[in-house]
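S.K.: So the chains spell out like this:
There are 2 protein chains.
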Amino acid sequence: MEGTNRPAKARRKRVTIVDVAKHAGVSTAAASKVLRNAYGASESMRQRVQASMDELGYRPSRPARGMRGRTFTLGMMVSDIDNPFFSILARGISSVIRPNSYELMITPAGYETGSQADAVDALIDHQMDGLILVAPILSEEHLERVAREIPLAIVGLHSQSPSLDSVSADDSLGSELVVDYLVGLGHRRIGFVARDRDDPDSSRPEMVRLAGFLDAMDRRHLLDEAVVVEGPWSQEGGKEAVRLIDAQDRPPTAVFAGADIVALGMISELWNQGRTVPDTYSLVGFDNSNASSFGPIDLTTVDQSGLEMGQQVARLLLERIGGRTSAVHTLMHPELIPRSTTASPRN
Amino acid sequence: MEGTNRPAKARRKRVTIVDVAKHAGVSTAAASKVLRNAYGASESMRQRVQASMDELGYRPSRPARGMRGRTFTLGMMVSDIDNPFFSILARGISSVIRPNSYELMITPAGYETGSQADAVDALIDHQMDGLILVAPILSEEHLERVAREIPLAIVGLHSQSPSLDSVSADDSLGSELVVDYLVGLGHRRIGFVARDRDDPDSSRPEMVRLAGFLDAMDRRHLLDEAVVVEGPWSQEGGKEAVRLIDAQDRPPTAVFAGADIVALGMISELWNQGRTVPDTYSLVGFDNSNASSFGPIDLTTVDQSGLEMGQQVARLLLERIGGRTSAVHTLMHPELIPRSTTASPRN
DNA sequence: TTGAAAGCGCTAACAG
DNA sequence: CTGTTAGCGCTTTCAA
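Listed in order, the protein sequences are those of chains E and Z. Anchor point for the first sequence: position 26 equals 25 in numbering that gives the first Met the number 0, and the numbering is continuous, going up by one each time. Anchor point for the second sequence: position 123 equals 122 in numbering that gives the first Met the number 0, and the numbering is continuous, going up by one each time.
Incorrect hints may have been included.
Claimed, not checked - Calculated cross-link-like contacts (lysine-lysine; reagent style BS3-like; alpha-carbon spacing at most 30 Å): (1) Z/LYS21 - Z/LYS32; (2) E/LYS21 - E/LYS32; (3) E/LYS12 - Z/LYS21; (4) E/LYS32 - E/LYS12; (5) Z/LYS32 - Z/LYS12; (6) E/LYS32 - Z/LYS12.
Keep in mind the hints are simulated off the structure, nothing from the lab.
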């Protein structure tokens, strides 16, 4: 069989660095130097080799480069590609790395620790030059271990680790902005939808937002007026939150949903019951997702600029690949976007 | 500098196939055979090597594999990761390839022919074993050229090419379902929002939907009642469509928007004007996107099962990598999802 | 400044 | 059934 049949498809042999070197009449080592803009090549040689590369349409093989040096490719792990925020993030990252001739490879890793760990391993196996993990569900310890193997930057976790870089929104400040705004409107009794009050991992944005909310309420001597309910951060969770808020003895006049998706679920549920916002209570989200200002939906929310966060994390990772060993942890300033789901309380 | 400093980070040396072979007391060739489940290894050796791999935590280097054989990685090109349909597609693909120990790498390529071509090149440079392109904005000719270099499957284009596989919804049937449904409701004058009536590329779903619409109307002797307006397939385009429909001498009693995004833009615009659907006219979308049934939005639309399409395209690509050289073009049956934006005409 | 040559981790002949 | 060996395309010493 093997001997008689041709391969399924006779693919054109690729142009290699050897072809380029031959064409330019230099050694492969020289061609390699030109390719990498490395030190030790005369201007004339540089030009000659460059010309050959262009003429032959040479494109270096990433795997081959990866075996000795860099692949010039960064890996990005996200839980699920279906998230508008990730998309904007990716755009920000690309805008920074493309000019440095880096590529971005994205892998969706699901919402479980196990599948995320596998995805990270796969990225490492592909010899990525560096990794960006978006809101990873991995322990600090696991992240440290990964950082020992490969330059690492994370987005959306308030890390203090000395071995990796991080970029996240100042969620605490975000919560404070919301409380300020609602109190300014005249609200005193304010609800918060927490994802998990007792999550041991205090670095997760969910927890920082909750802590920030409680702090802000405390600072205004309104801690007694803080109504915290618990539900998953999903549309479903929003529906549940509506029920939990309704079940309160003294329901709040405003609710800070913790995330847009929750607020949207709440709006949806309220609508189904023939109730509207802000007539039922004022409602605030967090994320400024696309859906938060679409058609009849016009949700007051907090914006964390995904574009800037993407650009920043890309810069950090490139620096780290470049040799920086100290850690940089950046907090980006969020901004309150007042829209029509908030108003002064009725009574 | 170079000589005195250690590398930025001393990364642990990876376990290689040589280590495994040494540990198991066999040759690297034998270890490789076990790794690849290749023919010619006794059961006892297989077990011994497998045990060593597990014990040492061996993970093969993809680049190294890619240099000689396969990388066991498929590349997926999408225009923008922020598209719910792509996400579902990716899930479908993963569910099929994971059990075959393949990985998926996604790269966002933008909406321009140039940037998409670059992205495809990058994927090829990474030695992917095969490529899945989602609704590529590339000429038939370009696709043929790519297919000559690498196993190729595309989603969302009605291709007839002999050198690549394709999966798409039967958009023509989808349009027919919509016309049937609307006519059944009593509508005769029906509008359609086309993306570009004169696009020369008749394989694009936009064109197939338009042609299918006109065919279906013709078959019912209603061609004179077909009102085709033109606008980009975006929310903005939806707003424009509302104006164009309003400008008609005899406005239609129902509008088939061609895509959910357009229908949603129309709903949004109508709402802003204080008008509602289906009171103004019945409205139908296409895609059954998440947003089509969210909160107060409850759009009649056509569903193309992204999950099944993903599974199918993955199967096709694996087959092709496996050696199939004939082309397979699959049309998936779409389904009409009646919701509350459609009703019988008033007059 | 340039080139020769070794080797990255793996697979694929080919011998034994 | 098993092992030896020669590369894949690139980078990197190390000499010239």
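S.K.: With reference to the structure, classify each hint as holding or not holding.
M.R.: To see whether the hints hold, each was checked on the structure:
no.	hint	in the structure
1	Z/LYS21 - Z/LYS32	holds, 15 Å
2	E/LYS21 - E/LYS32	holds, 15 Å
3	E/LYS12 - Z/LYS21	violated, 35 Å
4	E/LYS32 - E/LYS12	holds, 23 Å
5	Z/LYS32 - Z/LYS12	holds, 23 Å
6	E/LYS32 - Z/LYS12	holds, 26 Å
Hint check: a violation occurs at hint 3 only; the rest are consistent with the structure.
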